[in-house]
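Novice: Produce the complete structure using the sequences and hints provided.
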Amino acid sequence: MGGMSEPGGAPAAPAPGGGTAVVERPDLSSLAQTPWVTIVWDDPVNLMSYVAHVFTEYFKYPREKAEKLMMMVHTEGRAVVSSGSREAMERDVNAMHDFGLWATLDRSE
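Start counting the sequence shown at 433; every next residue gets the next number (this note's numbering).
Treat each hint with caution, since some may be false.
Said to hold, decoys possible - If you anchor each label on the Cβ, the simulated ranges turn out as follows:
#	residue 1	residue 2	range
1	Ser517	Pro476	28 to 36 Å
2	Leu479	Arg518	24 to 32 Å
3	Pro467	Asn526	13 to 21 Å
4	Lys497	Trp473	14 to 22 Å
5	Asn526	Val477	12 to 20 Å
6	Glu522	Glu489	13 to 21 Å
7	Glu522	Lys492	12 to 20 Å
8	Glu541	Ser481	24 to 32 Å
It should be emphasised that the hints constitute simulated quantities derived from the structure, not laboratory data.
Glycine is no exception: its CB is placed at the ideal position from the N, C-alpha and C atoms.
Specialist: What follows is the structure in structure tokens.
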């Protein structure tokens, strides 16, 4: 029977006319190196001053940068607030949720 192991563990020769398909493994290193981003979305609950406070408190951004990002959230509906590895962005998203902000992660474009 083709494909079964011979006694002793060696694989048997494939059946005549049969073949082995070669499937290429995806390049996981490029996927692992793709940066991820944390996106904070506008919501009807949190005050603009609170959102800026969260950015200075958690990300340690200067007040000017925190306010600029907060204005992007307010006027454009979203802002990318951090980028890095998927694991780091998952931490940032969870932290934003802990502060009561609506945040998601996505692959960087």
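Novice: State for each hint whether it applies.
Specialist: The hints, checked one at a time:
{"no.": "1", "hint": "Ser517 <-> Pro476: 28 to 36 Å", "in the structure": "32 Å, holds"}
{"no.": "2", "hint": "Leu479 <-> Arg518: 24 to 32 Å", "in the structure": "30 Å, holds"}
{"no.": "3", "hint": "Pro467 <-> Asn526: 13 to 21 Å", "in the structure": "18 Å, holds"}
{"no.": "4", "hint": "Lys497 <-> Trp473: 14 to 22 Å", "in the structure": "18 Å, holds"}
{"no.": "5", "hint": "Asn526 <-> Val477: 12 to 20 Å", "in the structure": "18 Å, holds"}
{"no.": "6", "hint": "Glu522 <-> Glu489: 13 to 21 Å", "in the structure": "19 Å, holds"}
{"no.": "7", "hint": "Glu522 <-> Lys492: 12 to 20 Å", "in the structure": "19 Å, holds"}
{"no.": "8", "hint": "Glu541 <-> Ser481: 24 to 32 Å", "in the structure": "30 Å, holds"}
Every hint, counting from the list given before, is met by this structure.
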